[in-house]
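Peer 1: Sequence:
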Amino acid sequence: MKFDLIITIISTVISAFLIIYIIISKPNRNKIINSFILFQTTAFAWSLGNMLEILAPNHQLQWKAILFSHLPINFAAVVWLYFCSTYTNKSLFNNQLRTFFLILPALMGYLFVLTNNQYHLFYLKSTYNQHLLATPAIILAIIASIYGLLGVVFLIKDSIGKSKIRWITNFSLILVGLIPLILEIISAINCWLFEERLPIRYYPTFSFSLTSIIVVIILFRYRFLNLVPIAHKNIFSNLDQAIVVFDNEEKIVDHNLFFKKIFMTEKLNDFKDFIIVLQKNRVDDEILQKISIIKNYSIELKINNKYYHMKIKPLFVYETEYFGKIISFIDITEHKRNLELIQQNQEQLIESERLLALNQLVGSIAHNLKTPLMSCSGINEIINKIICQSEKTINDLKIENQDQESLMINFEKVKYWIKNTKEQLNYMNDVIDTVKEQVAPIDESGQQSFYINELVNKINILMNNEIKKVGCSLRFEILTAAQARIKGNINYLLQVLNILIVNAKDAYEGKKGVIAIIIKPTAGDKVDIFVSDYGKGIKEEIQKKLFKKMVTTKGKNGSGIGLYILKLIVTTKFKGEINFESQEGVGSTFVVTLPLEVDNYC
559 MKFDLIITII STVISAFLII YIIISKPNRN KIINSFILFQ TTAFAWSLGN MLEILAPNHQ
619 LQWKAILFSH LPINFAAVVW LYFCSTYTNK SLFNNQLRTF FLILPALMGY LFVLTNNQYH
679 LFYLKSTYNQ HLLATPAIIL AIIASIYGLL GVVFLIKDSI GKSKIRWITN FSLILVGLIP
739 LILEIISAIN CWLFEERLPI RYYPTFSFSL TSIIVVIILF RYRFLNLVPI AHKNIFSNLD
799 QAIVVFDNEE KIVDHNLFFK KIFMTEKLND FKDFIIVLQK NRVDDEILQK ISIIKNYSIE
859 LKINNKYYHM KIKPLFVYET EYFGKIISFI DITEHKRNLE LIQQNQEQLI ESERLLALNQ
919 LVGSIAHNLK TPLMSCSGIN EIINKIICQS EKTINDLKIE NQDQESLMIN FEKVKYWIKN
979 TKEQLNYMND VIDTVKEQVA PIDESGQQSF YINELVNKIN ILMNNEIKKV GCSLRFEILT
1039 AAQARIKGNI NYLLQVLNIL IVNAKDAYEG KKGVIAIIIK PTAGDKVDIF VSDYGKGIKE
1099 EIQKKLFKKM VTTKGKNGSG IGLYILKLIV TTKFKGEINF ESQEGVGSTF VVTLPLEVDN
1159 YC
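So that you can map any letter, position 543 of the sequence shown is 1101 in our numbering, and since no number is skipped, the others follow by simple counting.
Simulated from the structure, these hints should not be mistaken for lab results.
Worth double-checking, as some hints may not be accurate.
[Stated by the list, open to error] With a straight-line Cα cutoff of 20 Å, these simulated EDC-like cross-link-like pairs (lysine to aspartate or glutamate) come out:
1) Lys-894 - Glu-858
2) Lys-848 - Glu-898
3) Lys-860 - Glu-892
4) Lys-871 - Glu-858
5) Lys-1133 - Glu-1155
6) Lys-715 - Asp-812
7) Lys-980 - Glu-1012
8) Lys-1125 - Glu-1139
9) Lys-1027 - Asp-1086
10) Lys-1045 - Asp-1086
11) Lys-853 - Asp-843
12) Lys-871 - Asp-812
13) Lys-825 - Asp-812
14) Lys-819 - Glu-892
15) Lys-830 - Asp-842
16) Lys-977 - Glu-939
17) Lys-1045 - Glu-1155
18) Lys-1133 - Glu-898
19) Lys-830 - Glu-807
20) Lys-830 - Asp-805
21) Lys-1133 - Asp-1083
22) Lys-860 - Asp-842
23) Lys-864 - Asp-889
24) Lys-589 - Asp-716
25) Lys-825 - Glu-807
26) Lys-869 - Asp-889
27) Lys-819 - Glu-858
28) Lys-869 - Glu-844
[Stated by the list, open to error] Distance windows between CB atoms, simulated:
29) Leu-655 - Val-811: 41 to 51 Å
30) Glu-858 - Ser-583: 42 to 52 Å
31) Arg-895 - Asn-647: 55 to 65 Å
32) Ile-1076 - Asn-978: 27 to 37 Å
33) His-893 - Leu-983: 55 to 65 Å
34) Ile-771 - Ser-703: 19 to 29 Å
35) Leu-655 - Ile-696: 18 to 28 Å
By construction, the Cβ of each residue, glycine as well, lies at the ideal position given by its N, Cα and C atoms.
Starting from the given sequences, assemble the full structure and let the hints guide the process.
Peer 2: Rendered as structure tokens:
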């Protein structure tokens, strides 16, 4: 028996076995399984045709066998492409018109074979030992080769980033497609150029035997066409958490796409490489030691500016034999940002409640002070009336001139102090009224904006006297339009500027100095409020912590809470910003940027 006949019989038998096995073992077939059955049926028909061609006793029967075998030969490439596109979930054949044009070259090729005796569109010359292909047949062979290579491309793309088993399966399928394709191309070139002087006529048949064996291996060894493992692998590959698996020799045996994205610039082969990468990302040595121990462990890590929750779980066979370990990374960057936002909102809420409590306390004190002030004012008026009456009646009394003059002098002194006390009481009354406005529970639905001039007047009332006591002075420079209004509630901003002005005053440490307050417009319908002093400045190590922690430049005389509260008010109540510049021995400037009312222009 000829060698080529033996090979052909083996190929035919294996193909038939695979078709029968798949049909029996897969009663609930889907699109992938059906496409593979179609592909395997094509291989079976091709092998059977070759076997009949070899066994044909004469040229006439051989030609009939050729006509039979050319049906699967012409359609093999398109069937292969159909299987690859289905297996890799491509939508190449979902459109009917596109499907028709993809099948058309195969259909034309078979029609050329059927009409060959009349038109010689496929074989220019065909004998038992020799075939010479016509140009249309060569063109169709090129198209079929393109189909075959396109299917291979689909499989290669499907392998990128997938698991090891998936890669092995796809590589085996690539061989199944490439081996017959390459040998068929060589056979066609031999028929066309060398008129089959090379003894490779039945190599494609041999290739089918080889590829059928490959299919048997991946079918039984890697459970090819078992959709549960395929689905599991797809899920594993596309999980939104990174996973890598190490065996008991610390080698990487599997990983998914997410893991590759995290470590895309690194070449990882084993656990040592993995530890080196973590060291590059500044993971503590203590954590690295714990990671190396064979036990359950979890930790938060920062890799490539992202935060991950890393979990390590050892794998055991039969609960005792160590098999390896699996490490997973869950991206918690957004989660941490949300937690920070929640924490910030909680701090703002706590601060709002604290300010409200303080407002109520100071408001209550201011209210209680109004009563004695009014009493003092009333007493002043009574004393003044008594003095005036005494001045009218003093001439009627028999008092010596010297004593009379002395009494009048004392009356004038009392009247002077009554006038002075009245001015002080009026000033105190204005201050208390302003403080009550500032610290009273603020109705957020009330005042939505205020004029800048109104702000300046209230600053003068509240702060000017205290600033003068220590020998300092306020210097205002208003560069905004008269009608400019700031969005928000004035009393909150008074709290902010009060803190900044007091800090500026303290920066002079009891010496005389000027506190400059400059208000000028800036881009985006906003206004900058500068509060500058020329005092001692802020130390560099404190500047880094300012606004972030409760730090102070005043030593034991300061709590550091002022600037911390100040920033919360600016950001939460005004949606504004605060920045500063400071130099030791030169001074400090704080800049509060706030939005203006849109219908006002600076």
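Peer 1: For every hint, state whether the structure bears it out.
Peer 2: Hints, one by one, checked against the model:
A distance of roughly 11 Å separates the Cα atoms of Lys-894 and Glu-858; the hinted pair therefore holds under the 20 Å criterion. For the given pair, Lys-848 sits about 28 Å from Glu-898 by alpha-carbon distance, which is inconsistent with the 20 Å threshold. With a CA separation close to 13 Å, the supplied pair Lys-860 and Glu-892 stays within the 20 Å bound. Note on Lys-871 and Glu-858: the hinted pairing holds, with a Cα-Cα distance of about 15 Å set against a maximum of 20 Å.
With a C-alpha separation of about 13 Å, the suggested pair Lys-1133 and Glu-1155 falls inside the 20 Å cut-off, and the hint holds. For the hint linking Lys-715 to Asp-812, the alpha-carbon distance of about 18 Å falls within 20 Å, and the restraint holds. Distance restraint check for Lys-980 and Glu-1012: the Cα-Cα separation of roughly 25 Å exceeds the 20 Å cut-off, and the hinted pair is therefore not satisfied. Our distance criterion of 20 Å between C-alpha atoms is met by Lys-1125 and Glu-1139, whose separation comes to about 15 Å.
For the proposed pair Lys-1027 and Asp-1086, the alpha carbon gap of about 28 Å is over 20 Å, so the pair is violated. Using a Cα cut-off of 20 Å, the hinted pair Lys-1045 and Asp-1086 holds, with the two alpha carbons roughly 13 Å apart. Restraint check for Lys-853 and Asp-843: the C-alpha separation of about 17 Å stays at or below 20 Å, so the hint holds. The suggested pairing of Lys-871 with Asp-812 holds, with an alpha-carbon distance near 15 Å, which does not exceed 20 Å.
At roughly 14 Å between alpha-carbon atoms, Lys-825 and Asp-812 fall within 20 Å of each other, so this suggested pair holds. This hinted pair checks out: Lys-819 and Glu-892 have alpha carbons roughly 17 Å apart, not beyond 20 Å. Between Lys-830 and Asp-842 the CA atoms are separated by roughly 15 Å; this keeps the pair inside 20 Å, and the hint holds. The suggested pairing of Lys-977 with Glu-939 holds, with an alpha-carbon distance near 10 Å, which does not exceed 20 Å.
The suggested pairing of Lys-1045 with Glu-1155 holds, with an alpha-carbon distance near 6 Å, which does not exceed 20 Å. Between Lys-1133 and Glu-898 the alpha-carbon distance is near 18 Å, which keeps this suggested pair within the 20 Å criterion. With a C-alpha separation of about 11 Å, the suggested pair Lys-830 and Glu-807 falls inside the 20 Å cut-off, and the hint holds. For the hint pairing Lys-830 with Asp-805, the CA-to-CA distance comes to about 13 Å; that is within 20 Å, so the pair holds.
Restraint check for Lys-1133 and Asp-1083: the C-alpha separation of about 13 Å stays at or below 20 Å, so the hint holds. For the suggested pair Lys-860 and Asp-842, the alpha carbons sit about 11 Å apart, so the restraint of at most 20 Å is met. Only pairs whose Cα atoms come within 20 Å are accepted, and Lys-864 paired with Asp-889 is accepted, the gap being roughly 7 Å. A C-alpha spacing of about 17 Å is found between Lys-589 and Asp-716, which places the hinted pair at or below 20 Å, so the restraint holds.
A distance of roughly 18 Å separates the Cα atoms of Lys-825 and Glu-807; the hinted pair therefore holds under the 20 Å criterion. With a C-alpha separation of about 12 Å, the suggested pairing of Lys-869 with Asp-889 holds against the 20 Å cut-off. With a CA separation close to 18 Å, the supplied pair Lys-819 and Glu-858 stays within the 20 Å bound. Distance restraint check for Lys-869 and Glu-844: the Cα-Cα separation of roughly 16 Å lies within the 20 Å cut-off, and the hinted pair is therefore satisfied.
Here the CB-CB span from Leu-655 to Val-811 is close to 45 Å, well matched to the stated 41 to 51 Å. Against the hinted window of 42 to 52 Å, the Cβ-Cβ separation of Glu-858 and Ser-583 comes to about 48 Å, which satisfies the hint. Checked against the hint of 55 to 65 Å, the C-beta distance between Arg-895 and Asn-647 comes to roughly 34 Å, which is inconsistent with it. Between Ile-1076 and Asn-978 the beta carbons are some 35 Å apart, a value that agrees with the proposed interval 27 to 37 Å.
For the pair His-893 and Leu-983, the supplied restraint of 55 to 65 Å holds, since their beta-carbon distance comes to about 59 Å. In this structure the supplied range 19 to 29 Å holds for Ile-771 paired with Ser-703, their Cβ-Cβ distance being about 24 Å. For the pair Leu-655 and Ile-696, the beta carbons lie near 27 Å from each other, so the given range of 18 to 28 Å is met.
Violation of the numbered hints given earlier is confined to hints 2, 7, 9, 31; the remaining hints are satisfied by the structure.
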